[in-house]
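Using the sequences and the hints, build the whole thing.
If you read the sequences in order, they're chains R and G. Going letter by letter, the first sequence gives residues 0 to 238 in numbering that gives the first Met the number 0. Going letter by letter, the second sequence gives residues 0 to 238 in numbering that gives the first Met the number 0.
Please keep in mind that the hints were generated in silico from the structure rather than gathered at the bench. Computed from a predicted structure; not experimentally measured. Be aware that a few hints might be false.
To spell it out: a stretch of chain R is covered by chain G in this simulated footprint if at least three of its residues, at any positions, have a beta carbon under 8 Å from a beta carbon of chain G; those stretches are [to be verified]: (1) 83-95; (2) 110-124; (3) 129-141; (4) 195-205.
We put the CB at the ideal spot given by N, CA and C, even for glycine.
Protein chains: 2
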Amino acid sequence: MDQPPPSPSSPLAALIVAAGPGVDTGLARLDPAAFDLVVAADGGLDRALARGIVPDLVVGDLDSVGAAALAEARRLGARVVAHPRDKDETDLELALAAAIEAGAATATVVCDGGGRLDHAVANLCVLASPRWRRLALRALVDEHEVHVVRTDRPCRLTLPPGARVSLLPVGGPATGVTTRGLRFALEGGRLEAWAGRGVSNEVVSSPVEVSVTAGVVLVVVGPVSASSTPTSDRPDARG
Amino acid sequence: MDQPPPSPSSPLAALIVAAGPGVDTGLARLDPAAFDLVVAADGGLDRALARGIVPDLVVGDLDSVGAAALAEARRLGARVVAHPRDKDETDLELALAAAIEAGAATATVVCDGGGRLDHAVANLCVLASPRWRRLALRALVDEHEVHVVRTDRPCRLTLPPGARVSLLPVGGPATGVTTRGLRFALEGGRLEAWAGRGVSNEVVSSPVEVSVTAGVVLVVVGPVSASSTPTSDRPDARG
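Shown next, in the form of structure tokens:
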């Protein structure tokens, strides 16, 4: 993990592979060669190896990854960092922290949304954490793509007209929410933490832009068909 | 909808049926006869009728419900309240508001978790809203059961040892979180809005109790097998 620090001209791009069957859908929409660093979060190792992706790093309590996969990863040069099973952090949190420690400026997280409801929601909450504010962060969750928009991190996405976009404030209300390119426009608007007002917006012109002056908003795009729609531009480390 | 106000001895119990394929899984685990009032949220009407459940009330923008189902519901005595399509509230919010207006003291929401990620997350955020604090509230989401725990609404659940339980703070941090019957115990603990610390706890003894002194915690139970595990006790209107 002796990666060089990111330079302005070439920010280090991390791919984080989580566990769960939905991960395959997200991985199929990505080019692994576009990433400088691959981190497998526990059982994500099996998903990565199955697609021929060798992680640089495997982190987690290693309770959901096979011994054979671990041995294979080690043989291929991966570093394995085992954490205690009774830990306070989820495997995704450990993986994000490891990516930052390795110097990543952007991270694409591929995780599962369809199986465990608690995991899916906790993963989205984790993405919104201020702990990762140094990272330009997006996630592929099954057929959805999620971008994390913070005060200093607006997002700008190339999306086809008609695509479904939802704005979800996480962890508290978001204020000063301004959008471009969406059917229901917001100009310095407020999204309450408990309300569904931001759900089911629609792209009318591209690029789509979303910014906030306080709080965190997840921009959820999709569902998209894996065969017809590529993932949007990779996260822009310039924020 | 001219329901009597709830009396302490017999609180009015509402069943809210949302749209989506996962709703069938939840409905299969319930006895519709246990409810005094059934509200269909938009396309939930189709799901209800398919199981022989006739709603008392249908609410929503009616963009995802068939004309034949609407006509059938009206013929069977349901009241239909159509809202504008470009509304700020989701169908679930409209249904919860209607249940309270009709005098409900408890509500069981059956909704879909596996299809649209944005809907699933928004639904959980909506459940946590202080707007419904008068309701003892739980949701069946595919193979999961979700209970809303607020300052004045602890929850007490009969659950089998080994069952998976996650505690998810929603809309902000939760403090004074105290649990009974779970493997990783909390005694006046704090759960951060952005962290996954409350995920993947486990029942060691029943009943399980969860309370908070500030904030809102969703207690997510499951996944459970529809065939082997009944839903937990219906929400307790005494709070």
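Going through the hints against the structure:
1. 83-95: With 6 residues closer than 8 Å to chain G, the segment 83-95 of chain R meets the three-residue bar; holds.
2. 110-124: Held - the segment 110-124 of chain R has 13 residues with a Cβ nearer than 8 Å to chain G, which meets the minimum of three.
3. 129-141: holds (count 4)
4. 195-205: holds (count 5)
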